[in-house]
Amino acid sequence: MAENHTVEQHSLPPNPEKATLEGKNKYMGFWFFLGGEVVLFASLFGTYLGLRNSTAGGPGPSDLFHLDLVFIMTMLLLTSSLTSVFAIISMKRGNYKGLLAWMWVTVLLGLGFLGFEIYEFWDYTVNYELGFTTSAFSSAFYTLVGTHGAHVTFGIGWIIVLLIRYAKTGLTLTNAPKFYTATLYWHFIDVVWVFIFTVVYLMGIGG
Amino acid sequence: MADHGMDPSAPLTGEPSKNTKRKLRKEVKTQIIGFVLALFLTSISFISIASDAIPASFAIPFIFMLAVIQVVLQLYIFMHLNDRGNAWPNAMIWSAVVVAIPSVAALMLLLGITKW
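The listed protein sequences correspond, in order, to chains A and B. The first sequence begins at 1 in the working numbering and counts up by one. The second sequence begins at 1001 in the working numbering and counts up by one.
Among these hints, one or two may not hold up.
Simulated restraints, written as ranges between beta carbons of each label pair [to be verified]:
hint, chain 1, residue 1, chain 2, residue 2, range
1, B, 1010, A, 157, 26 to 32 Å
2, B, 1082, A, 25, 17 to 23 Å
3, A, 21, B, 1054, 48 to 54 Å
4, A, 66, B, 1054, 31 to 37 Å
5, B, 1036, A, 14, 32 to 38 Å
6, A, 66, B, 1090, 36 to 42 Å
7, A, 143, B, 1082, 29 to 35 Å
8, A, 128, B, 1094, 38 to 44 Å
9, B, 1023, A, 132, 45 to 51 Å
10, B, 1014, A, 128, 33 to 39 Å
Pairs of lysine to any residue, SDA-like flavour, derived with a Cα cap of 20 Å [said to hold, decoys possible]:
hint, chain 1, residue 1, chain 2, residue 2
11, A, 178, A, 21
12, B, 1026, A, 89
13, A, 97, B, 1013
14, B, 1023, A, 95
15, B, 1021, A, 19
16, A, 26, B, 1008
17, A, 168, B, 1010
18, B, 1026, A, 90
19, B, 1018, A, 10
20, B, 1021, B, 1077
21, A, 178, A, 22
22, A, 168, B, 1098
Think of the hints as simulated: they come from the structure by calculation, not from any bench. We put the beta carbon where it would ideally sit given N, CA and C, even for glycine.
Turn these sequences into a full structure, and let the hints guide you.
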């Protein structure tokens, strides 16, 4: 084929995130990473379940947790999972602006979640005097929920970096797998949260 | 990276095929149904703990079951684990679950009951 110096253009494949070998490898490699993350969170859940009654005279789950706050946080994260799904559907339709817009909505919902979590931790440390070293329960609680919060923070940072870096490039075979793996990470954060609101908050209030 | 001479940084143009468009319309419906189911399962969980009518001995195993259903639903609908060509992602996640369950059980017993 003759060398041409105009910008090459490709037609949109049905799954642009898996159209190149690099994209396929990223996709599979990311699932391997998520397998490791499952085991990381399992160890933190196991520790929390073992230590959740060891409050050492400090405040315990039923003194601290407010179901209304946790419900709002759950709704924010669940909705952000749906908006990131819409982002990927826009991508597959070739609607790059739609992809960027839905990803921004996802980021905003994630920031809302993070804001509530920071407020929650602030409330516990200041108003209930539950420090990290107050009891075995407090250490296990802050480690488990804090590790999840760190994942949310990292996910928000990751998506914002992609949104800025690729604001003007249009959809390419290079950035499609990057957006796709970022949404997988985001869904995984929501999956972990399902167990957190059940095991930590609902079980903490209910018995 | 030489994928048959394609430049991966070239913008992708054009529209998806009619078949893909049809699939994507169906996909939107599937995802919204998945979201509504997740909302429903979440709300039932919160209600069964918030209401005093349901005894804790029933509510705790019940909400745990709802969480497992919701996680499987999210893995297979939002994260598309059931799509074709996803054998390795499935293998990886389910191997992780096989490692995770005894980890949780062991830590619960060692820290919560045996106390080292």
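Item to check | Broken hints, by number | outcome: Those not satisfied are hints 4, 5, 10, 22.
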